[in-house]
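Now that you have both chains on their own, put them together as the hints suggest.
These protein sequence lines map, in sequence, to chains A and B. Quick note on this note's numbering: the first sequence kicks off at 1 and runs consecutively. Quick note on this note's numbering: the second sequence kicks off at 1 and runs consecutively.
Hints may be right or wrong, so weigh each one.
Below, a sample of chain B positions facing chain A; criterion: calculated Cβ distance under 7 Å [to be verified]: (1) Ala-29; (2) Arg-33; (3) Arg-38.
These are computed hints drawn from the structure, not numbers from a lab. Keep in mind it's a predicted model, so treat the numbers as computed, not measured. Every residue gets a Cβ at the ideal spot worked out from N, C-alpha and C, and that includes glycine.
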Amino acid sequence: MATFVPPHYPFRPATDDGARHSVVVVGGGLVGLTAALDLAQRGQHVVVLDDDDTVSTGSRAICFAKRTLEIYDRLGIGAAIRDKGTTWNTGRVYFGEREVYGFDLLAERGHRNPAFVNLQQYYVEHWLVEACRATGRVDLRWKHRVAGVANRTDGVALTVATPAGSYTIGADWLLAADGARSLVREALGLDAVGKVFHDRFLIADVVMHADLPAERRFWFEPPFHRGGSVLLHRQADDVWRIDFQLGWDADPEAEREPSRVEARVRAMLGPDIPFALEWVSIYTFRCRRIEKFRHGRTIFLGDAAHQVSPFGARGGNGGVQDADNLGWKLDAVLRGEAPETLLDSYDSERIPAADENILNSTRSTDFITPKNEAARAYRDAVLELAASHHFARPLVNSGRLSRPAVLTGSPLSTPDETPWPAGAPLGAAAPDAELDDGYLLDRTAANGFTLLVFDGDLCGAIPGVQQVVVPAAGMVAERYGAGRGDAVLLRPDQHIAARWRRLDPAAIGRARDRALGRLA
Amino acid sequence: MTTLDTRPRLDDPDLAFESLVEAHRDLTAEQSRRFDARLVLLLANHIGSVTVLRAAITAARATAWEPAEAPPAGEAAASQTGPATMRLASARAPRS
Ligand SMILES: Cc1cc2nc3c(=O)[nH]c(=O)nc-3n(C[C@H](O)[C@H](O)[C@H](O)COP(=O)(O)OP(=O)(O)OC[C@H]3O[C@@H](n4cnc5c(N)ncnc54)[C@H](O)[C@@H]3O)c2cc1C
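Okay, chain B solo, but in the shape it has when bound (with noise of 0.2 Å):
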């Protein structure tokens, strides 16, 4: 598989947010973050392609949400559907 698949995928998703949720129950923000980052590198590892890696990151950046006082996002913005105080913020390309 060399392209990042977004179809819903997961067999339980409310027990899949709840684990990630309750892994991190006790866990300081430090703590949390490097959970997250053995996390994301396990999962990473056994996705076992960069290129999906890739998208997947250019996808995680291209769907963060700003609040409104964020500098108006561009066109991206415009098309988007979403809360009325909440913009999308335009992708990044990711780092090369």
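Excised from the complex, chain A in its bound form (with noise of 0.2 Å):
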């Protein structure tokens, strides 16, 4: 009873072996369709290879983030993975026997996006997919597997594996998204360092037409699974995701059996409700990363630069706001607005947001896996705290939800000239806000950086710079600290690059110019 038949996309044997080309990327996942996306929409021509011939398999990813909503928002995909996710705002903690307590995401109102919507990652890859298409610049190759990669510093080149024989090409601009198993990584003779998390987990797609919330639940040590814990989250069609806390000592050969995986099923829901498995894996997870992420023209994105475990939904999240990071970047190189230069800022906003998601990801899961038995009396205590006292459900750590990366001391931010004390900081994604006909989001230009202006009156043309009135007051106003007379400028990925007091255009040129690397 398969509620998704993967779409197999056709193979083509290549035709231009030796050709050199300016953008290529490997791996047609989530993170590389999205960063091949985002530049063909800015005008760039790209070629995506992919060993495989399809989307994910299993659902992987399920919990997508405000940001990477308001990022597919801007590539055209934000409301198809609305429409057929699952919005949810409530998560339940259990412990033991207990309900232990309830929260609310309490979501801020007047935002397109919810704090999260869940759908299975084939869904979003295929609507990826199909996005890409319709652009009519991105080449994409399946069954075209990277088989060697010699970096250069003037370009790549790489050996490409297909079922017609393997063939060479070159590239400019290398971008490295294929995966926790990075061959580029291997080829390049780069570590990901970190840590191996010594359990493992049972992850179970469930098809049930089970009348429960749309909520998120953990628990641990529940009556049904005794000395592990498990969580439960609703997906789109009738799709359940169940993960087991299976330990470290655990057979996962065994543990895959469907009728294993059954009876935990089973003992979980009771013996009424019908269901059936769609999809079972068993992982080991692991929280690492490479040193560096640009190294010359290639550069890494997604998991084949960074992994975290799964609580806290920061690993495809985390990878989107790689790519949205990315795009607009190379894009400026490419066509000659900014230095090469601009992309060690890359790594500079990302490695500090990859080592963010790394260190949230690793505090849920130590909290999950306690490490020792203290470890554990201290998780417990906690548990059992908060089921009374207020002050203890903050040290409940199932999970830290994932959160857009605050851009905290980037090279390409203006220092503000006056103190701004209310609002978004500088450096943050833009916040949304409902505005009389439609959200501020929407009104952000499609290429290139956004003058907020806060009822004042617009400056000449800056180029690159669109402009966008604002109301000085209510929700626009509040979420940016700004009144009457005040501007902020966005950069392309929508994040706040400087805000002034006052409109001059000289200064909204200079710090247009610092966002593009183009002062030393």
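And the structure:
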């Protein structure tokens, strides 16, 4: 009773042996496709090489965070994800027989997107493929496996293996989005450094018509799964995600047996709910990253660059932010509008973001898998206290959910010339807000900078900067800490680059140049 | 308060000590450990400062006395006066 029939994209033999392309993406997964689509919508031609001919097997990522949805709105697939997916705002935590507490993600009003939408990764990838095709600028090559990489100072030479034989192509720029077992990483001799958690998790996607609310439920040591934790999430098509913590000693082969998995699910659901297994896998999680993401003309994104445990949904959501960060920069370099050194800011902005994701998901995993008896005692003590004491609830860590990176201290930001005490900080992703006629983020430039002018007169044209007048009172003003006559400059990836209490075209031009890496 | 106050502050030290010990009556080792953890968490929240908590953790680690057969603890031990058979363990840096 498959709910989703995976598409099989056609294999086409290469006809350009020896050719040179400006951008080649290795890996047509979630992040590689996002990067390709972003670049193509900015006008670039992109070749995508993928060793498979379909989308993600099994649903893998399910929780798509607000920032990812905003990025996908910019790329044109946000509405499809919202319509198909399940929006959730509540979570519940259980310990043993009891519910410890419930929480509300307290979604703020006036954003187009909710805190999270749950949807199977394969839907998102499928729509990314369609959107890539629609641009007419993405050359998607299925069953083209990169087998060799030579990273040179002026470009990258690739050996590609296909069912019709091998060929070579060159790339001015190579985006390595070939996932956790990245061949490009290996070919460049780079180590991903970090830690492996000594635990195993059974991840099952189960089809059932259960009369349960769309909320995240997390059990520590429930009666139906003694000695471990269990996580339940609702996805689209009546598919539910269940994670069972099995412990390090579990036998992955035996645990994968459908009868064994069914017994675990049956114990959880009770005798009355009919269900069918759709996908089962066993994972051991890692938190690690390579030291630098940019290596000359090769740039790493997504799981190839960094990996986290899934608690907090920071893997895919982090990778999509990588693509968001890199797309406009590479586009500006390719157009000759920015120096190559602009791409170093991808490292200075995305490495701290990766570290934040690694720190958060490491802490969650350590809470879920206590390292020793003392850690377990503290973990259980927190859970016991949380049932009756509010103060202990923030200590419960069943996953710190993905948040957009704030690019604090970015070399591309222009420091505030006057104090800016309220609203989103410099470097934050632009907060959305409801306007009379739609949402703020929909008004940002398709490819370029956006200047939000708070109820002021526009200045004369500033090249590369689209000016948008917004009200100096109410929701927008509040979220930006701005008043009449203030101006806020957003980068092409919607992060706040600079802001002023006055409108000075020269200063705005300088801030744009700084964000493009033109000022040394 | 962002510094750890280690001056004698308890109004009735004997009652404080007796209460702590008494609270563990009838508890297994595992229950005791979890009880202590709950107690520490309640007190940590009352203090309300991670800086003070971390200073307390450092101080608690630095004052652990270990049996004589433990490896020599370095110069820190040399300057201490204590029972001949006991040695002060060197303070370990708190985890970052
Ligand atoms: C159980 C589980 C739950 C998760 N839940 C979430 C969640 O809720 N939210 C979230 O944000 N993230 C989640 N993640 C993480 C998320 O799935 C990954 O972070 C995401 O898939 C990374 O995307 P990627 O494009 O970097 O890599 P991948 O999706 O792995 O894509 C890599 C692509 O490269 C291709 N490839 C590999 N080698 C080569 C080669 N040599 N030549 C050509 N192509 C190659 C592969 O075929 C693949 O298509 C979860 C992961 C797991 C396992």
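Against the structure, the hints come out as follows:
1. Ala-29: With a closest approach of 10 Å, the Ala-29/B hint is violated.
2. Arg-33: Hint on Arg-33/B: holds, closest Cβ of chain A at ~4 Å, below 7 Å.
3. Arg-38: At 4 Å from the nearest chain A Cβ, Arg-38/B passes the 7 Å test, so the hint holds.
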